[in-house]
Structures are given as C-alpha cells and as structure tokens.
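Just so you know, the sequences run in chain order A and B.
Read in order, the letters of the first sequence are residues 1 to 146 in the numbering used here.
Read in order, the letters of the second sequence are residues 1001 to 1155 in the numbering used here.
Simulated from the structure, these hints should not be mistaken for lab results.
Remember, predicted model here, so these are calculated numbers, not experimental data.
The reader is advised that the hints may include incorrect statements.
[To be verified] Here are some chain A residues pointing at chain B (derived, C-beta under 10 angstroms):
id: 1; residue: Ile93
id: 2; residue: Ile106
id: 3; residue: Leu109
[As the list claims (entries may be wrong)] If you want the footprint, here are the derived chain B segments under chain A, 3+ residues with CB under 8 angstroms:
id: 4; segment: 1082-1089
id: 5; segment: 1101-1111
id: 6; segment: 1126-1135
id: 7; segment: 1138-1147
[What the hints assert, rightly or not] Each pair of labels, with its calculated beta carbon distance range:
id: 8; chain 1: A; residue 1: Met80; chain 2: B; residue 2: Gly1010; range: 33 to 39 angstroms
id: 9; chain 1: A; residue 1: Gly70; chain 2: B; residue 2: His1002; range: 48 to 54 angstroms
id: 10; chain 1: B; residue 1: Arg1049; chain 2: A; residue 2: Ala65; range: 35 to 41 angstroms
id: 11; chain 1: B; residue 1: Val1140; chain 2: A; residue 2: Arg66; range: 38 to 44 angstroms
id: 12; chain 1: B; residue 1: Ile1132; chain 2: A; residue 2: Ala136; range: 27 to 33 angstroms
id: 13; chain 1: B; residue 1: Thr1011; chain 2: A; residue 2: Met80; range: 32 to 38 angstroms
id: 14; chain 1: B; residue 1: Asp1056; chain 2: A; residue 2: Phe59; range: 27 to 33 angstroms
id: 15; chain 1: A; residue 1: Leu60; chain 2: B; residue 2: Ser1060; range: 42 to 48 angstroms
id: 16; chain 1: A; residue 1: Arg2; chain 2: B; residue 2: Gly1010; range: 50 to 56 angstroms
id: 17; chain 1: B; residue 1: Arg1049; chain 2: A; residue 2: Gln83; range: 20 to 26 angstroms
id: 18; chain 1: A; residue 1: Glu29; chain 2: B; residue 2: Gln1055; range: 34 to 40 angstroms
id: 19; chain 1: A; residue 1: Ala65; chain 2: B; residue 2: Leu1152; range: 53 to 59 angstroms
id: 20; chain 1: A; residue 1: Gly70; chain 2: B; residue 2: Gly1086; range: 37 to 43 angstroms
id: 21; chain 1: A; residue 1: Glu29; chain 2: B; residue 2: Gly1010; range: 15 to 21 angstroms
The C-beta atom is built at its ideal place from N, Cα and C for all residues, glycine as well.
The primary structure of each chain is shown beneath.
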Amino acid sequence: MRASTLIVCVLTGVLFGFGLAYSAMVKPEVVLSFLRFQDFGLLFVLGAAVVVTGTTYRFLPRLLARPVLGGGFCSHPSQMTRQTLGGAALFGIGWGLSGVCPGPAIAGLGVGNWPLLAAIAGMFAGAYLQGFLASAQSRPIPGDAR
Amino acid sequence: MHQFFPNGVGTYLIGGLLIGSAVSFAFAMAGLVTGMSTVFSSSWSLVSRLPYFQQDRFVSSCRWRLALAAGLVLGGVLFLFTVAHGVTFQTRIPGWRLAIGGFIAGFGARLSNGCTSGHGICGVGSLQLPSILAVVIFLVTAIITAQAVATLGGA
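Input sequences plus hints: build the corresponding full structure.
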C-alpha cells in the first residue's frame, strides 16, 4: 500500500467526516428525528451523496482510463442473498435503537461526542461475532472428504 | 414544508454534497469504493486468526480503511474548530442503547456487507438492486424500531 493511497484515504475521511458533522448526522438525536418523521433532512443528505457518487461512478471511468494514482477502478458488487437482506433488517434495528451508524459513530468522536465510544465498541463486538459465526460455518466438518 | 424540515434543508444538502464528493475523490484518485462498516471487520484481521478475518479483502484493505477512519475523526475535529467554534456535542441517548444498538447494527451491517454508506451511498449510487433493497429494508426496520422506542417513552 503506497503512502499516497493512505493520504488520499485520510483526505477522503476528512471530507466525509466534515460532511457528516455539517449535516448533523453525528447527532443521533437528529437521525432519530428523521426515523420518527419529525425532520426529513436526512433524505437530502443521502440523496445528495447518492447523486454525486452515482454521477462519478457512472461517468468518471469514461473520462479517465485509470485512477489518478494508477491501478484500476474497483467495483464492489452487492450480492442478492439472505445475508444481505437479513443483515440489513438487523442493521436497521440497531440503527433505529441507537440513532448511530458506522460513519457518524467514528466522525462523531471528532466533535467530542465521546458517548459514541459505546456504539463503536458495540460495532466492533458485533462485527467480531459475525466473523466468528462465519468462520465456524465455513470450517470443514470432521470426516468430510473435501 | 416547514413542518417536514424544521431545520431547513441547506445544511443537510451541503453535508450530503460533501459526503458524495469525498466518495468520488477516493474513487477518482485511487479507484476505491469507500463504505464505512468494513473497517469494523478488516481491523480484526490485525488481532484475530479467525479465517473469516484473514480473507484477502480484509487483510489487504485494513490499512487504508484505518486511514479512512482516522480521517473521519479529523473531519469531525475540523468541523468542531471551524463551524462549531469549539463547542462540542455529546448525545443524551442512554449508553445501553448506544452499545446494544451499535452491536446489532455492527453485526447486521457486516452480515449484509454494507451500511448506510456502503449500501446507501456506494451501492445505490451504482444502481445495484441488492443494495437498493437493503436500503429499503433497513429504513423500514429502523423506522419501526425508532417509533417503537418513542412509543415506549424513550428519547
């Protein structure tokens, strides 16, 4: 991993985190007020981000043969599986209970929102359990002739 | 319109444009698709020998995802000392709800391979049907959960 890539990632994070703070997404109360139909502003955050991102994803590879730093344009196809849809349902329950999702949980620390450390600890634990269960499932069964 | 947008739409719109610009910047410069929940799995590759975490997609992206996360915090700090004039914010949501909600959201996002940024911005931005469905599903379950908590007297 080149240093220039890491610098790009830090700058991406700065812009992303500033945007999350500017749009008040680092305040779980604001996210919950959306989920309770009291303030629909979150739709503008998501909508604007999707339009800009979608335009870039669609048209940039036609303008540039490769990324500025070289390599290739990654694509990350999402899978139509029970895990994708069931996991999304669970994610929503956790998001609706706490008002916190991964990006704002991390960016929120920058604005001094220390209580979000509890959410981050929970996310690391939840991600560990998911990886633990996935490892257990993929382990070859003893005696299985694969 | 005021009843739907008591705080206006300007800050939300600008924030969303900045977030979209950030995702676009990472893609234009390095070709990276920057969902935020994967860092919670890829970081485990540093300390856990579990085969799931030792997959190449986590091991090879671990460092840049941590750099991205560090940038997120710095972006919050930048906001704090410019727009917010140094006034910090702490949520009043009870710690148990943050911890348990974070646990469920972390487990679910990693099972689903995406969260509000991975599915919501990157996946929907590239018009992928599984991501669009995932967003509809998590919006519905989040709205039901948040409304239920409010009905039971939670903040």
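Going through the hints against the structure:
Among the interface hints, the one on A:Ile93 holds; its C-beta lies about 5 angstroms from the nearest C-beta in chain B, closer than the 10 angstroms criterion. For A:Ile106, the interface hint holds, the least distance from its beta-carbon to any beta-carbon of chain B being 4 angstroms, beneath 10 angstroms. Satisfaction of the interface hint for A:Leu109 is found here, the shortest Cβ-Cβ separation to chain B being roughly 5 angstroms, below the 10 angstroms cut-off. For a cut-off of 8 angstroms, the count of residues in the segment 1082-1089 of chain B with a CB near a CB of chain A stands at 4, and the three-residue condition holds.
For the segment 1101-1111 of chain B, the stated coverage by chain A holds: 11 residues have a C-beta nearer than 8 angstroms to a C-beta of that chain, and at least 3 were required. Here the segment 1126-1135 of chain B counts 9 residues with a CB under 8 angstroms from a CB of chain A, which clears the bar of 3, and the coverage holds. Requiring three or more residues with a Cβ within less than 8 angstroms of a Cβ of chain A, the coverage given for the segment 1138-1147 of chain B holds, as 10 such residues are present. As the Cβ distance of A:Met80 to B:Gly1010 is approximately 37 angstroms, the hint placing it in 33 to 39 angstroms holds.
The hinted window of 48 to 54 angstroms between A:Gly70 and B:His1002 holds, with their beta carbons roughly 50 angstroms apart. Checked against the hint of 35 to 41 angstroms, the C-beta distance between B:Arg1049 and A:Ala65 comes to roughly 40 angstroms, which is consistent with it. The given range of 38 to 44 angstroms is respected by B:Val1140 and A:Arg66, whose C-beta atoms sit roughly 39 angstroms from each other. Distance hint check for B:Ile1132 and A:Ala136: the Cβ-Cβ separation is about 31 angstroms, which falls inside the suggested range of 27 to 33 angstroms.
Taking 32 to 38 angstroms as the suggested C-beta distance range, the pair B:Thr1011 and A:Met80 conforms, at roughly 35 angstroms. Here the CB-CB span from B:Asp1056 to A:Phe59 is close to 30 angstroms, well matched to the stated 27 to 33 angstroms. With their beta carbons about 23 angstroms apart, A:Leu60 and B:Ser1060 fall outside the hinted range of 42 to 48 angstroms. Taking 50 to 56 angstroms as the suggested C-beta distance range, the pair A:Arg2 and B:Gly1010 does not conform, at roughly 38 angstroms.
Separation of B:Arg1049 from A:Gln83 is about 23 angstroms and conforms to the stated range, judged on CB atoms against 20 to 26 angstroms. Separated by about 37 angstroms at the C-beta atoms, A:Glu29 and B:Gln1055 satisfy the suggested range of 34 to 40 angstroms. For the hinted restraint 53 to 59 angstroms between A:Ala65 and B:Leu1152, the CB-CB distance of approximately 56 angstroms keeps it satisfied. In this structure, A:Gly70 and B:Gly1086 meet the distance hint of 37 to 43 angstroms, their C-beta atoms being roughly 40 angstroms apart.
As the Cβ distance of A:Glu29 to B:Gly1010 is approximately 19 angstroms, the hint placing it in 15 to 21 angstroms holds.
The structure does not agree with the numbered hints 15, 16 stated previously, though it agrees with the rest.
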